[in-house]
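2 protein chains.
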Amino acid sequence: MAESTTRRSRAGRRPGSPDTKAAILAAAREQFAANGFDKTSMRGVAKASGVDPALVHHYFDSKDDLFLESFQIPFDPRQLIPEWTAGGLDGIGVQIATRFLEVWDDPQTRLPIETLLRSAVVSDTAAEVLRSGLVRLIFAPLSQALDVPDALLRAQLVASQLVGIGLARYILKLEPLASTPRDVLAERLGRVLQSHLTDLSAPPGVL
Amino acid sequence: MAESTTRRSRAGRRPGSPDTKAAILAAAREQFAANGFDKTSMRGVAKASGVDPALVHHYFDSKDDLFLESFQIPFDPRQLIPEWTAGGLDGIGVQIATRFLEVWDDPQTRLPIETLLRSAVVSDTAAEVLRSGLVRLIFAPLSQALDVPDALLRAQLVASQLVGIGLARYILKLEPLASTPRDVLAERLGRVLQSHLTDLSAPPGVL
Numbered sequence: 063m064a065e066s067t068t069r070r071s072r073a074g075r076r077p078g079s080p081d082t083k084a085a086i087l088a089a090a091r092e093q094f095a096a097n098g099f100d101k102t103s104m105r106g107v108a109k110a111s112g113v114d115p116a117l118v119h120h121y122f123d124s125k126d127d128l129f130l131e132s133f134q135i136p137f138d139p140r141q142l143i144p145e146w147t148a149g150g151l152d153g154i155g156v157q158i159a160t161r162f163l164e165v166w167d168d169p170q171t172r173l174p175i176e177t178l179l180r181s182a183v184v185s186d187t188a189a190e191v192l193r194s195g196l197v198r199l200i201f202a203p204l205s206q207a208l209d210v211p212d213a214l215l216r217a218q219l220v221a222s223q224l225v226g227i228g229l230a231r232y233i234l235k236l237e238p239l240a241s242t243p244r245d246v247l248a249e250r251l252g253r254v255l256q257s258h259l260t261d262l263s264a265p266p267g268v269l
Numbered sequence: 063m064a065e066s067t068t069r070r071s072r073a074g075r076r077p078g079s080p081d082t083k084a085a086i087l088a089a090a091r092e093q094f095a096a097n098g099f100d101k102t103s104m105r106g107v108a109k110a111s112g113v114d115p116a117l118v119h120h121y122f123d124s125k126d127d128l129f130l131e132s133f134q135i136p137f138d139p140r141q142l143i144p145e146w147t148a149g150g151l152d153g154i155g156v157q158i159a160t161r162f163l164e165v166w167d168d169p170q171t172r173l174p175i176e177t178l179l180r181s182a183v184v185s186d187t188a189a190e191v192l193r194s195g196l197v198r199l200i201f202a203p204l205s206q207a208l209d210v211p212d213a214l215l216r217a218q219l220v221a222s223q224l225v226g227i228g229l230a231r232y233i234l235k236l237e238p239l240a241s242t243p244r245d246v247l248a249e250r251l252g253r254v255l256q257s258h259l260t261d262l263s264a265p266p267g268v269l
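Read top to bottom, the protein sequences are chains A and B. Its first residue numbered 63, the first sequence is counted upward by one per residue in my numbering. Its first residue numbered 63, the second sequence is counted upward by one per residue in my numbering.
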C-alpha cells in the first residue's frame, strides 16, 4: 500500500462510487478466472480496473475477501467453520449439509456458485479458480479444525459429496432427490459427511 | 420387426459390415442426445442410419443395449447389480465404489462417461440423456434390489456421491484426493455408499 499516494486516482475514479467497486469486482473476476487465485494480486486487479491499489484495499481487507465477493459467495467459510467446530465435531456433518442446502435451495444464492461449478467442468482455468478457492477458503480451515488423520482428504471427500448433490439435485434434477425436503436430505447427507470427517474405523468389513 | 422383409436393405447396407454397425451406433448416439432415451426408438435409429430395422435388432437385443453401446458404457449395470446383491447387501458399498473407481481410473473406459457427464452439466438435452440412462439402467434395478424404504432416493444419493468423485478426483483433480490409491478410496467411499443404501437409523443426533 506504500505506493498508493503516488498513484492516486490515475483513472479519475473516485472512492465511494458504486461504479468503482463494481469495476474492481469485474476486474477481479476476470483476473481470478484467467490466472487462478495464486497468481492474482490486489495490485494487478487495481491496475486492470484503473484504480489506485489503496482503493482496492479500502474496499477489500484481503485477496480472500475480494475473491468471495467477486464470485458472490453468499457466506464466509472463514467464519462458518470456526462456528461449526467450536463445540467439537459432533453434529458437524448435519450443520454443513444444512448450510449447503440452504444456499443451493435459494436460486439467488445458488446462481453464482452453480455458474462457477458449470464453468469448472468445461474449462481448465475455471476449474483452477474453483480448486484454489476451495483449497484456500474451505479445505484449509476445515482440515485445520479437524483433529483427525487425513484431514485434507476428508475435507475433499465432503466436497465431493456436496458437489455431487449440486449436480444431481439442482443440475440433473433427479427425482425424487430434487424434491426431497431440505431437512430430510440434510439428515441423510449429514450422516455421510460426518462419516467422511470423523469415522476412524478402518476396514470396510467392519461396517 | 414384421415390416423388415418389405424394407430390406433400402440404403444398400449389408448386414455384417462393420460400417453398418458403426452407422447405427452413430445414429443412435445422435438420436439419444437429441431426443432423450424415452423418445428414441430402434425403428427411428434404423431410419436415421438408413438401414432396415431388422438389422438394428440383429445387432442389438434391446434399446438398452443400443444405449449402452452407443455411449460405450464399459459395463452392463443390468448384470452387475444382480451380481452385487446376490449375497445380500453387506459390502455392496465397497463393491460399487471399487467398480466405479476401476472404470474411472482407466482413461479409456473413463472417456465416454466423463464426456457424457461434462455435456450434461452444460446442456439440458445431454442432462436428459444422462438422467434417463441412469434411471433406467442403474436406479431402477438398484432400487429393485434394495429391500429398504426410499430405495430410489438411496440409489440417487449413491449416484450423487459417485458423480461428485468423478468431478473432484478426475475433473477438478483435487489433491490428495486425485492421487489417493484406489483401494484406500474404495474403503472410504464404500462406507458412505453403504450408509446411503442400508442405514436405517433415523435422527442425525444418534450418529
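Errors might be hidden in some of the hints.
Same chains, same label: a pair holds when it works inside one copy or across any pair of copies.
The calculated EDC-like cross-link candidates involving lysine to aspartate or glutamate, where the alpha carbons are at most 20 Å apart (straight line), are [as the list claims (entries may be wrong)]:
1. K109 to E164
2. K109 to D212
3. K101 to E237
4. K125 to D261
5. K235 to D186
6. K125 to D168
7. K235 to D209
8. K101 to D261
9. K101 to D168
10. K125 to D167
11. K235 to D212
12. K125 to D152
13. K83 to D186
14. K83 to D261
15. K101 to D167
16. K235 to D100
17. K125 to E164
18. K109 to D168
19. K235 to E164
20. K235 to E176
It is worth saying that the hints were derived from the structure and are not from the lab.
Now for the hints, and whether the structure bears them out:
1. In this homomeric assembly, K109 and E164 never come within 20 Å of each other (Cα to Cα): the closest approach is 37 Å inside a single copy and 48 Å across copies.
2. For the homomeric pair K109 and D212, neither the shortest alpha-carbon distance inside one copy (40 Å) nor that between copies (55 Å) is at most 20 Å.
3. For the homomeric pair K101 and E237, the shortest alpha-carbon distance between copies (19 Å) is at most 20 Å, but the shortest distance inside one copy (41 Å) is not.
4. With identical chains, the CA atoms of K125 and D261 are never at most 20 Å apart, being 34 Å at best within one copy and 43 Å at best between copies.
5. Proximity of K235 and D186 under a CA criterion of 20 Å is satisfied inter-copy only: 10 Å between copies versus 25 Å inside one chain copy.
6. Proximity of K125 and D168 under a CA criterion of 20 Å is satisfied in neither setting, with 27 Å inside one chain copy and 38 Å between copies.
7. In this homomeric assembly, K235 and D209 never come within 20 Å of each other (Cα to Cα): the closest approach is 36 Å inside a single copy and 25 Å across copies.
8. Taking CA atoms no more than 20 Å apart as the test, K101 paired with D261 passes in neither setting, with 36 Å inside one copy and 45 Å between copies.
9. In this assembly of identical chains, K101 and D168 lie within 20 Å of each other by CA distance neither inside one copy nor across copies; the values are 32 Å within and 32 Å between.
10. Taking the shortest alpha-carbon separations for K125 and D167, neither the intra-copy value of 28 Å nor the inter-copy value of 36 Å comes in at or below 20 Å.
11. When the C-alpha separation of K235 and D212 is checked against a cutoff of 20 Å, the pair qualifies only between copies, where the shortest distance is 17 Å, while the shortest distance within a copy is 32 Å.
12. Within a single copy, K125 and D152 get their C-alpha atoms no closer than 32 Å, and across copies no closer than 48 Å, so neither meets the 20 Å cut-off.
13. When the C-alpha separation of K83 and D186 is checked against a cutoff of 20 Å, the pair qualifies neither within a copy, at 28 Å, nor between copies, at 35 Å.
14. In this homomeric assembly, K83 and D261 never come within 20 Å of each other (Cα to Cα): the closest approach is 45 Å inside a single copy and 50 Å across copies.
15. In the homo-oligomer, the alpha carbons of K101 and D167 never lie at most 20 Å apart, since the shortest distance is 33 Å inside one protomer and 30 Å across protomers.
16. When the C-alpha separation of K235 and D100 is checked against a cutoff of 20 Å, the pair qualifies only between copies, where the shortest distance is 17 Å, while the shortest distance within a copy is 34 Å.
17. Proximity of K125 and E164 under a CA criterion of 20 Å is satisfied in neither setting, with 26 Å inside one chain copy and 40 Å between copies.
18. Taking the shortest alpha-carbon separations for K109 and D168, neither the intra-copy value of 35 Å nor the inter-copy value of 45 Å comes in at or below 20 Å.
19. When the C-alpha separation of K235 and E164 is checked against a cutoff of 20 Å, the pair qualifies only within one copy, where the shortest distance is 17 Å, while the shortest distance between copies is 27 Å.
20. Within a single copy, K235 and E176 get their C-alpha atoms as close as 13 Å, and across copies as close as 19 Å, so both meet the 20 Å cut-off.
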